[in-house]
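Listed below, chain by chain, are the residues.
Protein chains: 2
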Amino acid sequence: MTEPLAPGSTIGILGGGQLGRMLAMAAARLGYRCHIYEPGAAPAADVAAGWTQAPYDDVEALTSFARACDLVTFEFENIPAAALERLTSLVPLFPDRRALEVSQDRLTEKRFLRDIGLATAPFGAVDGPESLGHALSETGMPAILKTRRFGYDGKGQARIADMNEAKTALATFGGAPAIAEGVVPFSIEISVIAARGRDGSVSAYDPGENVHEDGILSTTTVPARIPPGLKTDAVLIASRILNALDYVGVLGVELFVTADGLVVNEIAPRVHNSGHWTQAGCAVDQFEQHIRAIAGWPLGDGSRHADVRMENLIGDDVHRAVALAAEPGVQVHLYGKGEVRAGRKMGHVNRVMR
Amino acid sequence: MTEPLAPGSTIGILGGGQLGRMLAMAAARLGYRCHIYEPGAAPAADVAAGWTQAPYDDVEALTSFARACDLVTFEFENIPAAALERLTSLVPLFPDRRALEVSQDRLTEKRFLRDIGLATAPFGAVDGPESLGHALSETGMPAILKTRRFGYDGKGQARIADMNEAKTALATFGGAPAIAEGVVPFSIEISVIAARGRDGSVSAYDPGENVHEDGILSTTTVPARIPPGLKTDAVLIASRILNALDYVGVLGVELFVTADGLVVNEIAPRVHNSGHWTQAGCAVDQFEQHIRAIAGWPLGDGSRHADVRMENLIGDDVHRAVALAAEPGVQVHLYGKGEVRAGRKMGHVNRVMR
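Line by line, the protein sequences are chains Y and S.
Mapping of the first sequence onto the numbering used here: position 284 corresponds to residue 284, and the numbering continues sequentially without gaps.
Mapping of the second sequence onto the numbering used here: position 337 corresponds to residue 691, and the numbering continues sequentially without gaps.
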């Protein structure tokens, strides 16, 4: 194992939202300074030592950002390729470009998962209306049509029941390359948050059980209601992905629980909303685990000392924060975002259940 | 109960050390921005939205600091009176000046504690060599001679066995007003961290058992090895102090466990080193509890969900941080201080004990 990043070093974080904010605080707990790169509003900058506010195509800003940092990580996967190229020529990036390339494109991701022997929904590439027929023969109907890139929280997705709906949905994507995915019959969705260190060690948290509303994560509950065998499977799946990517950092894996076992829904090469419960349930939370991994520290103990239910505060939910704070075992996390908007993640609460 | 401080408001923190740093992160978790006031180096500024670097007698800097903040709190009690006067004329201060006046002066503090019916070490005022005789007749020998103001971590203190030693020690104080305190025979030292909200509600954490080395806190372990009755007494003592001061915020109370019950050693009108274990053992830690109290939120659940041992990393201890991080259940907190010096608090670890 190489020496960890020296105390007082600066970690750059691409993206200034809530994940960057919580990463920055975790880095501070380990004695590091953080520098945020974010073109828009940056709640993360309020808890960071520095902030570069510039677009991702500003080569000069990217260069001086990279020079101010000892290593760089990110809070979201849709970083433009040119920016990545510039950055990686100047400063170490963890996780690396390979992880981003796989997860930035739903088709590449599905093929990667299939190639390493994991179960996914049936899928087919949709490069244009002419490929819909073949893709939908792979998936069957109904299916979900998704843009290959830049989708999150249910955006760039449409459920389709026939070819006409498929053509209409595809037209709304404005010519963006797409993928058709079959609908997987599942009982519950779970996710595993796992980390891999610079020395190749792997540590996984207990799987959480997720409930979505309107395509946005609503709650994660640990322990998930799954048999021990599936819990082991989930951790093994996450480990296989981490090792196949020679990954460094925290990764989120969303899984469907089906009659035939676990099916991988998607992976996120970063800390993940469904891992926020670790702040209340573990000695080392997912944010610190990510910083430990990328900074070359030993991975933290991922074992869980409490049952926890994480609830997102979305839009107006944030006005419930003070009332929730009065309840036993409730830990509040607000993100410092200025404007309350419908569908916007404003904060979350972790409820420790005895 | 009044409305809590509005989201996005700015909390000013006097002092930029590790306590200010951890307070700033707790405030961020509740959606607030922080502004640090610190004349010297300020590790807290690395996780705060703003920093005024100016001496405490800079009226202009104090004024613009106060105007940038919606309320002000502090991480240490030795704030000069003139600075306090200026600030409190411009912005709400929690805890208020009364709490500071009591705890800034060891003699005032002892008299306050005695007046509200609490047991303290015997004591006597030492205004000069001529009052040593009377003071030491109150305390008996051996005794401890302390400056009345500006002492911390064992500084400005001397243990004395006779009148000659007393005169010598007093001379080293350079004429500063002093106090003689009797030596209390005790089995262990415990401390209680308690909070009082703006609505008068009180919440206390479980007492921790403290071990000092060279006058500096070394470890705090919860639960403390005391019978349930003493635990109740400790919480009642803290509550009495909080209520007598009409206090708002977190307060630390150090107590000696003696054959005759609990004796109050000293109080600190702020978050306290011996409360760091709450970061690993409670859903709401002492830093968030303080922010909740001063910002008008309901106080958090102080109940403890794990046994914890907090160990300070002092001076070169900090080099053990990475090795400690590899142990199960260990949570590392480093303070981002540049220079490692003997006796300097560089960080701490919380060890969750199953």
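The hints are simulated quantities; they were obtained by calculation from the structure and are not laboratory data.
A few of these clues could be false.
[Unchecked claim] Computed list of chain S residues with no C-beta within reach of chain Y, every gap over 12 Å:
no.: 1; residue: A479
no.: 2; residue: G494
no.: 3; residue: L584
no.: 4; residue: G635
no.: 5; residue: D639
[As the list claims (entries may be wrong)] Label pairs and their in silico Cβ distance ranges:
no.: 6; chain 1: Y; residue 1: F76; chain 2: S; residue 2: S657; range: 34 to 44 Å
no.: 7; chain 1: S; residue 1: F430; chain 2: Y; residue 2: G174; range: 30 to 40 Å
no.: 8; chain 1: S; residue 1: G692; chain 2: Y; residue 2: G128; range: 55 to 65 Å
no.: 9; chain 1: S; residue 1: E414; chain 2: Y; residue 2: G8; range: 24 to 34 Å
no.: 10; chain 1: S; residue 1: S657; chain 2: Y; residue 2: P223; range: 19 to 29 Å
no.: 11; chain 1: S; residue 1: A435; chain 2: Y; residue 2: G8; range: 14 to 24 Å
no.: 12; chain 1: Y; residue 1: T258; chain 2: S; residue 2: V694; range: 52 to 62 Å
[Said to hold, decoys possible] Which stretches of chain Y does chain S cover? Using the computed rule of at least three CB atoms under 8 Å from a CB of chain S, they are:
no.: 13; region: 16-26
no.: 14; region: 280-287
no.: 15; region: 324-331
In this text the structure is predicted, and so the values were computed from the model without any measurement.
Glycine included, C-beta positions come from ideal geometry on N, C-alpha and C.
Here's how the hints hold up against the structure:
With a closest Cβ-Cβ approach of about 43 Å to chain Y, A479 (chain S) is found to remain outside the 12 Å limit, as its non-interface label requires. Chain Y leaves G494 (chain S) outside its interface by the beta-carbon criterion, the shortest separation being 46 Å against a cut-off of 12 Å. At the 12 Å boundary, the C-beta of L584 (chain S) stays outside the reach of chain Y, the nearest C-beta of that chain being 25 Å off. With a closest Cβ-Cβ approach of about 10 Å to chain Y, G635 (chain S) is found to fall inside the 12 Å limit, against its non-interface label.
Not every Cβ of chain Y is farther than 12 Å from the Cβ of D639 (chain S); the closest lies at roughly 9 Å, contradicting the non-interface assignment. As the Cβ distance of F76 (chain Y) to S657 (chain S) is approximately 36 Å, the hint placing it in 34 to 44 Å holds. The beta-carbon spacing between F430 (chain S) and G174 (chain Y), approximately 58 Å, falls outside the hinted interval of 30 to 40 Å. Under the hint 55 to 65 Å, the C-beta atoms of G692 (chain S) and G128 (chain Y), about 58 Å apart, fit the expected range.
For E414 (chain S) and G8 (chain Y), the Cβ-Cβ distance of about 31 Å falls inside the hinted range of 24 to 34 Å, so the restraint holds. Between S657 (chain S) and P223 (chain Y) the beta carbon distance is about 21 Å. The supplied range of 19 to 29 Å therefore holds. Distance hint check for A435 (chain S) and G8 (chain Y): the Cβ-Cβ separation is about 35 Å, which falls outside the suggested range of 14 to 24 Å. Our hint of 52 to 62 Å for T258 (chain Y) and V694 (chain S) holds, since their Cβ atoms are close to 54 Å apart.
Interface restraint, the region 16-26 of chain Y with chain S: holds (3 residues with C-beta to C-beta distance below 8 Å; minimum three). Counting residues of the region 280-287 of chain Y whose C-beta sits closer than 8 Å to any C-beta of chain S gives 3, which meets the bar of three, so the coverage hint holds. Only residues whose C-beta sits within less than 8 Å of a C-beta in chain S count toward coverage, and the region 324-331 of chain Y has 7 of them, enough to reach three; the restraint holds.
Checked against the numbered hints above, the structure violates hints 4, 5, 7 and 11; every other hint is satisfied.
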